[in-house]
Amino acid sequence: MTRPRPRPTTTRPPAGRPPTRTETRRKPPLPTPPRTPSRPVPAQPPPHPTEIFAERLVLVLSGQRPMHWVARHIANTAFDELARLAELRPLCTDGHRPTIHRIGHYQPHPETYEVFARIATGPRLRALAFRLTLGPDRRWRCTAVETEGHLA
Numbered sequence: 001m002t003r004p005r006p007r008p009t010t011t012r013p014p015a016g017r018p019p020t021r022t023e024t025r026r027k028p029p030l031p032t033p034p035r036t037p038s039r040p041v042p043a044q045p046p047p048h049p050t051e052i053f054a055e056r057l058v059l060v061l062s063g064q065r066p067m068h069w070v071a072r073h074i075a076n077t078a079f080d081e082l083a084r085l086a087e088l089r090p091l092c093t094d095g096h097r098p099t100i101h102r103i104g105h106y107q108p109h110p111e112t113y114e115v116f117a118r119i120a121t122g123p124r125l126r127a128l129a130f131r132l133t134l135g136p137d138r139r140w141r142c143t144a145v146e147t148e149g150h151l152a
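If you read the sequence shown in UniProt numbering, its first letter stands for residue 1, the second for the next number, and so on.
Label-pair distances were calculated between CB atoms; the ranges are:
1) R39 with H68: 42 to 50 Å
2) W69 with P110: 26 to 34 Å
3) L134 with M67: 21 to 29 Å
4) Q64 with R35: 31 to 39 Å
Calculated from the structure, these hints are not laboratory results. Even glycine gets a Cβ: it sits at the ideal position worked out from N, Cα and C.
Start from the sequences and build out the full structure, keeping to the hints where you can.
Encoded structure:
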């Protein structure tokens, strides 16, 4: 009588019996080396004061931030006028958040910037102009604001 030939062993457990604990254990994943960028990322320069103030004024004039949020950055003479202008919310539109499209500036004096910005509110472009002056404490303060016919 001939004996049946033995089956080759497989890595799968035979059908009909549950796998044993050692058969179901998986190998731990190999540690991956830390990823290094192929090119070093250049450090970004700090934003210009005109960009910072334009963003702050847009948030206040659209009603997204309260007036006291920028109070310490506004000169005393312009604060009352800006508060009146903020009540009108000249940059607030129906459900559209204003975005700054372009900012430019002119520097008539080393301690003064005249800034203009294009603000998009939905499909419409609006104008924003303001003046920044460097105070005796070496901090920039807004001294005048104007938006499309609204003077502050």
